[in-house]
Structure formats: structure tokens, C-alpha cells
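Please build the complex by placing chain B with the ligands on the supplied structure of chain A, with the hints as guidance.
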Amino acid sequence: MSVLLSARGLRIAFGGLKAADGIDLDVMEGEFLAIIGPNGAGKTTFINMATGYLRPQAGSITYDGQPILGLKPRRIVKAGIARSFQLPQLFTEHTVLENAALAIAARAGPWAPLAPLLQRRFRAEAEELLDRFGLLPLADRRADALNEGARKLADIAMAVALKPRLLLMDEPTSGVASAEKMAVVETLTRVLRDSRVTAVFVEHDMEVVARFADRVAVWGQGKIMALGPPQQILNDPAVLRDVIGVAPVGDGAGTGKEGAHAAT
Amino acid sequence: MSRSTEILLALIGAALVLALAWAVPWLRFVMTIALAKGLAVLGILLLLRAGQVSFGHALYLAFAAYAVAFGASVVPETLVLLPLAALGAALLGLVVGLFVVRYREIFFGMLNLALSMVFYSVLEKFYAITHGTDGIRLPPTTFAGQTLSNEAQGWAMLVLALLLSLGFGALIRAYLASPMGQALAGIKTRETRLEFMGISGRRVLLAAYVLSALMAGCGGAVLAMTTRHVTPALAYWTASGELVFIAILGGAGSVFGPFLGAVAYELTRVYAAALVADAWQMILGLVLLLVILFAPGGLWGMGRALLARRRSA
Ligand SMILES: Nc1ncnc2c1ncn2[C@@H]1O[C@H](COP(=O)(O)OP(=O)(O)OP(=O)(O)O)[C@@H](O)[C@H]1O
Ligand SMILES: [Mg+2]
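If you read the sequences in order, they're chains A and B.
Mapping the first sequence onto the working numbering, position 74 (from 1) lands on 76, and the numbers just tick up by one.
Mapping the second sequence onto the working numbering, position 296 (from 1) lands on 297, and the numbers just tick up by one.
Only chain A is shown next, with the shape it has when bound in the complex (with noise of 0.2 Å):
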């Protein structure tokens, strides 16, 4: 497996907060790498830096071996990283169909000068795009009269509608509710797969992050202070105790929820 995305020595601080200091990570092809950690820890801010959002103080980033810092984030996105995020950005006062097709066709583009938006081509895959998302019967529906659980899929929809190579998510089920957190995750899980797309995800929930990720990298005081598979991450006392504040998830599955809600 190649790696597709590698930070190193990304240093950034807000004032005496040190958000990164010193990271280095790689994110191999093909692979769903969970980013976990306390509440203010810098893993928002690693999305911001990965996309072009925010500089680092010191540092670079290599995208497919290219380096990325500097550029705007909609050279990034050209590049094939996309991202999703923590409080979804839609276009509120467009409808769900109408937020769908404009992400395709800001991938489709150039624009033929006065077609619809709604056009066949743009209507049908963003239909379709919404299907697979189960928002479907949502579609007419203005983006400000989501609920937030749809709006977080809202938002993810239309990031993968860019066909990234790199997606990068920042808490994906936050905001769903939890019966159906774990179809959505399904839901999601699959839509990648099929498509191929490399996954860094931002989580809080432990039971998520144990059934979707292939490693878990633990995020704290601005390093990576663990970085594995999720059943020896998610069982190491020391990183659950220190970084997290949790009980192990271990075979215990209620300690696991509370954990997840103590953590959000």
C-alpha cells in the first residue's frame, strides 16, 4: 500500500495553544484512518490544514508525493481531496436536490453558459447520489429544515459527490441520532468502498470508530500519542485513561456508549 497523504512536522498554535506540535502522519491508499482525541485537541484543525484552510507554522503536507501547503483549498479539492464538516456547510436557503446537483456540477464543470442546475445530467446523478444516501424522499426540502442528522449526510453526500481520492470527515455521525448511527456508517462504509476512496474520519464514538477503521490515530497535546489497529488502540488503558478519559470499550459495549457520550 502507497501512502496518499503524509504530514510531517506540522507545528500550528493559537495564541499559547499548542493545536500541533510536531505531527507526523501518513495515510495509506485505500485505507479508513479513524483521527480520535479530547475535545480542542487539534483534529479539526488537521482537517483545516490538510485542505488549504489554515497555514501551519512549520511543517508540510505531500499529496501523492506533491507538496499541497500553500495552495488554495479549491486547487486541494481539484487535486482530489475533499471534506466534510463538523458543523455541516450547506447552501441553506437551496434545496437538498439543489445543494447535490451543484457539488456535481462543480466537479462536472466547465458549464455550458445557461443550462439549468437541474439539468438531466446534474438531476439524475444528484437523485442518485441522494438514494444512496437515503435522503431521497428529502430532496425538495430546503437544507435550513434538515434535521441535523440529515444535514451531517447532506454535507458528507456532497463531498463524495466530488469523487475525491481523499475524504476527509470531521465527525461523520455527530448529530445522528444514535439508533441510526450505525446503518448510516453502513451506509457510508459501502458508498466508499465501491468508490475507492481513502477515509480519514474525525471521531468521537468508540463504537464507531471500531467498526469502520482500519488504523486509529490518537490525537493529544498536539501529537500523535498512539497510531494502530482499533482493538489494540481501543484497549490500550493508557491512551483511553490519559488521552480519551474513557473506560476501554473492550467486550463491555455498555461502558463503551458512555464512554463515547463522556468523550463528545
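Note that these hints are calculated values from the structure, not bench results.
The structure presented is a predicted model; accordingly, all values stated were derived computationally and were not measured.
Some hints could be false.
To be verified - Below, simulated DSS-like cross-link-like pairs (lysine-lysine); rule was C-alpha separation at most 25 Å, straight line: (1) K20/A - K74/A; (2) K189/B - K80/A; (3) K165/A - K80/A; (4) K126/B - K74/A; (5) K165/A - K74/A; (6) K225/A - K20/A.
Then chain B with the ligands, alone, in the frame of chain A:
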């Protein structure tokens, strides 16, 4: 509202304007002016879709009007002057746009205002070239090579203004429904998302800005050839404010709004000025207040609600 309904409404509207101009001859002039302003207001509407308000768009209107005034002494041909002046305004819009689309909201609005006032000062101060506040009188222009009587030229300008209004109305309607127009509306709600989809919000806004300058330029050219007199007042900030006023009065929800608003505005202005000479600005102010408070969709929004009620009744 379906496409065919809108086409029908546009044609009815055009017929009404012509009928009015025919029945009350001096309204022909008023209608031409209204449509010319409506074209500029259509540009304001475009920018409003992106959540941006320009308080300086009279710049483009005045620029084209002066371009026509200067050009008329060289080539006094309507069908040459109009497109050249409009293209000149669009070019100016491109140059200014490259700068102002970097800003949003109050900064965008005020920068536009500032630049229009710079142009105003230039027009006012360089007396040797522009004749200052006296302005420039235009010689009569030919129409497709024909020298027309005043009467015929008046009709020609009205028909030209109508055709431009119908053409740009249809164009902007399609534009707004296209990915460009939808991305433009996306600037208002979530510009960062556009960037993370690979779209430059600035470029999307720039395209709309240039288009708005082009339309204001068409309006300015028609205005100049209809009034045959241009003065720096065309570029004064109140003229820009008037365009924003009309946009809100007419309603930003549809391409009908600007023209409905402009016709209502000009008629109110003419009649109110005749009835209560000193108080017509007050009347306009009250009308604007009422529209903002009770009919945020403007006249077009009110009209459409009435139509819908009649249909469902
Ligand atoms: N642009 C910024 N300017 C100033 N401070 C920032 C900025 N971005 C992040 N921070 C701060 O850096 C720290 C790390 O933030 P970040 O959002 O990366 O945490 P996180 O790990 O994603 O946390 P959470 O789990 O709560 O989402 C926080 O204290 C945050 O307030
Ligand atoms: Mg975060």
C-alpha cells in the same frame, strides 16, 4: 411560475407599456426612462442574489451615458453607440470588479459608492471636457442609418428599451437557474463551501458584476439618447441609491421585479411631483418603509400572491 406563464406575462407587460405610451404620449418618455433604469436595476438584483448591495452602480449607467454623449459627435448612430457604450461599461465593470469582488457586504457596498463618487467628481471638475454640472447636450442620433423625426426616434428608443428589457430579462432568468446563478446565490449563504467544492466565489461574483455593469451600461446609453442631455448627477450617489430603492420596491425574487419597480417608481415620481411638488421624496420614503415592513417580496411578490389567491379561489 411556469415558463410559459412568465413569457405570457412579459408580453402582456410589453403590450401595456406600448399601449400606455400610445394613449398618453408624454408617458412614452417616462416609460423609456423607466425601462432604462429597470435594466440597471436588473444588475442590482443579480448582485442581491449573492447578498451584496452595490451603492455605486450609477457609475456604469453614467459612464455609458457619457460615452454616448462623447461618441455621438463622432458616430451619431444609435445602433453603434449603444453596444459600444454598454461594452465600455462592462469593461470598466471588469476592471473595477477585479478589485471590489474581494470584499463583501458593507465594504463591497461602500467601495462601489466611493468609486462612483470619484467618477462623479471627475465629471464635475474637468469642465473643459465635460462642461461640469452643465453637462453635455447630445446631437440627434440616427437609427440604422435613418434620420428619424423626434416622434419616430422616441418610439424607436422605447421599442429598443423594451427589446433590451425582454432580452436581458430572459437571459438573467436563465442565468439565475444555471450553475453560475445558483453558485452566485451560494455566495450569500455559504461561500466557504463553494471554495471547498473547487469553485471560486470571487470569480462567480465577478461574472455577475460584469454582467450587471453591462446592463447598467445599456440602461445608461438608452437614457442618454432619450433625454439627449447628460449631467454628472447621473453618477451621484443618490442615483445609485435610487437603483437599490427600485430593486427593493419591485422585489428581488424575479426578473419582473426591477421593471415593475422602475415603472411604478417613475410613474409615482411624475404624478407625485405634479401633485405635491415638495413632498414626493417623502411619499417615496413612506412607500419604501411600507414595502420593507409588509411586502418584503416587493411589488412583484405582492402581485404574485394576488394572482395565486385568485387562482386558488
Ligand atoms: N482559526 C482558529 N483561530 C484560533 N483558535 C483556533 C482556530 N482553530 C482552532 N482553534 C483552537 O485550537 C484548538 C483546537 O481546535 P480544533 O477545532 O482543531 O479541535 P478538535 O480536536 O477538532 O476539537 P473538537 O473535538 O471539539 O471538535 C481549540 O482550542 C480551538 O479553539
Ligand atoms: Mg473538531
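Verification of the supplied hints:
1. For the given pair, K20/A sits about 24 Å from K74/A by alpha-carbon distance, which is consistent with the 25 Å threshold.
2. For the given pair, K189/B sits about 23 Å from K80/A by alpha-carbon distance, which is consistent with the 25 Å threshold.
3. Annotation: proposed proximity of K165/A to K80/A holds, straight-line Cα distance about 10 Å (limit 25 Å).
4. Note on K126/B and K74/A: the hinted pairing is violated, with a Cα-Cα distance of about 44 Å set against a maximum of 25 Å.
5. Distance hint between K165/A and K74/A is fulfilled; the C-alpha atoms sit about 19 Å from each other, no more than 25 Å.
6. Taken as a hint, the K225/A and K20/A pair is honoured in the structure, with Cα atoms around 9 Å apart against an allowance of 25 Å.
The structure fails to meet hint 4 from the earlier list, while all remaining hints are met.
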